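Engineer: Position one of the sequence shown corresponds to residue 1 (the UniProt record's numbering), numbered consecutively onward.
Just so you know, the hints here were simulated from the structure itself, not pulled from any lab data.
As the structure is a computational prediction, the values presented were derived from the model and not from experiment.
Hints may contain errors.
Just the calculated beta-carbon pair ranges, DEER-fashion [said to hold, decoys possible]:
no., residue 1, residue 2, range
1, N157, T121, 21 to 29 angstroms
2, E179, G108, 19 to 27 angstroms
3, I64, E179, 45 to 53 angstroms
4, N68, N157, 20 to 28 angstroms
5, K118, R60, 28 to 36 angstroms
Here a beta-carbon is modelled for each residue, glycine too, at the ideal position from N, C-alpha and C.
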Amino acid sequence: MANMGSRKHLKRYKAPKTWPIHKKEETWTTKSSAGPHALDKSIPLVMVLREILGVAKNTREAKIILNNGDVLVDGTPRKDHRFPVGFMDIISIPKINKSFRLLQDEKGRLVLKDIDEKDSTFKLASIEDKTTIKGGKTQLNLHDGRNVIVDDATEYNTSDVLLLNIPDQKISDSIKFEEGSIGLITGGKHTGEYGIIREINITKSSKANTVLMDTEDGTFITLADYVFVVGNDKPVISLLGDD
Numbered sequence: 001m002a003n004m005g006s007r008k009h010l011k012r013y014k015a016p017k018t019w020p021i022h023k024k025e026e027t028w029t030t031k032s033s034a035g036p037h038a039l040d041k042s043i044p045l046v047m048v049l050r051e052i053l054g055v056a057k058n059t060r061e062a063k064i065i066l067n068n069g070d071v072l073v074d075g076t077p078r079k080d081h082r083f084p085v086g087f088m089d090i091i092s093i094p095k096i097n098k099s100f101r102l103l104q105d106e107k108g109r110l111v112l113k114d115i116d117e118k119d120s121t122f123k124l125a126s127i128e129d130k131t132t133i134k135g136g137k138t139q140l141n142l143h144d145g146r147n148v149i150v151d152d153a154t155e156y157n158t159s160d161v162l163l164l165n166i167p168d169q170k171i172s173d174s175i176k177f178e179e180g181s182i183g184l185i186t187g188g189k190h191t192g193e194y195g196i197i198r199e200i201n202i203t204k205s206s207k208a209n210t211v212l213m214d215t216e217d218g219t220f221i222t223l224a225d226y227v228f229v230v231g232n233d234k235p236v237i238s239l240l241g242d243d
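Please put together the full structure from these sequences, using the hints given.
Structural biologist: Shown next, in the form of structure tokens:
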């Protein structure tokens, strides 16, 4: 039993800060299975249905809903209650005509943003790396664990963001990681804020690259790795706090 618990359950006090749960109410919670997002950057699907949306009272009810194929993640039915969902994933429940985008609040917790039908037809994915493969094509490695193969590698750079259609996951557009673009902060004390990228500072040493951001709350410098571009002159998605 101990081994089973270590594989499928997690003590609440050890849960990542991204999980929107009360860590002192109970001892155990469900652990995410291996998947597209790392444990500390995702939450199990059962938690979305049970703790966040409240459409299931317990794990048993959540399993029934999932086994019926009633929950889509990025347009694909997911039946594993431990399936990890993370930043920018689209969760749709057609039976109740509801769709949500997973974002981060100011404390870094993953939260659901209620979105309309048009907003639910695409997702955003940041390019973390590029790899040359056979045939001279390039594989783009994205933040959500997926890989996309493209013919023209010069069109995309690391930290650019792709707009992927749902459910076919084809690239419909891209957002450049460049000065003047709109960036959403995903780490550090400014998590959840967004604003204009005023300056990108590339270092030639072992120090991390930084970005000068201009937001409604002021101007500050943050790590380039914390900036997720969401638009050229305005956000292409609705963000937390938007009406």
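Engineer: Quick check on a hinted range of 21 to 29 angstroms for N157 and T121, using CB atoms only.
Structural biologist: holds, 25 angstroms
Engineer: Does the Cβ-Cβ separation between N68 and N157 fall within 20 to 28 angstroms?
Structural biologist: violated, 42 angstroms
Engineer: Given the range 19 to 27 angstroms, decide if the beta-carbon distance of E179 to G108 lies inside it.
Structural biologist: holds, 26 angstroms
Engineer: Is it true that the C-beta distance of K118 to R60 lies inside 28 to 36 angstroms, as the hint says?
Structural biologist: Check passed, 35 angstroms falls within 28 to 36 angstroms.
Engineer: If I claimed the Cβ atoms of I64 and E179 lie 45 to 53 angstroms apart, would that claim hold in this structure?
Structural biologist: With a Cβ separation near 50 angstroms, I64 and E179 satisfy 45 to 53 angstroms, so the hint holds.
Hint check: a violation occurs at hint 4 only; the rest are consistent with the structure.
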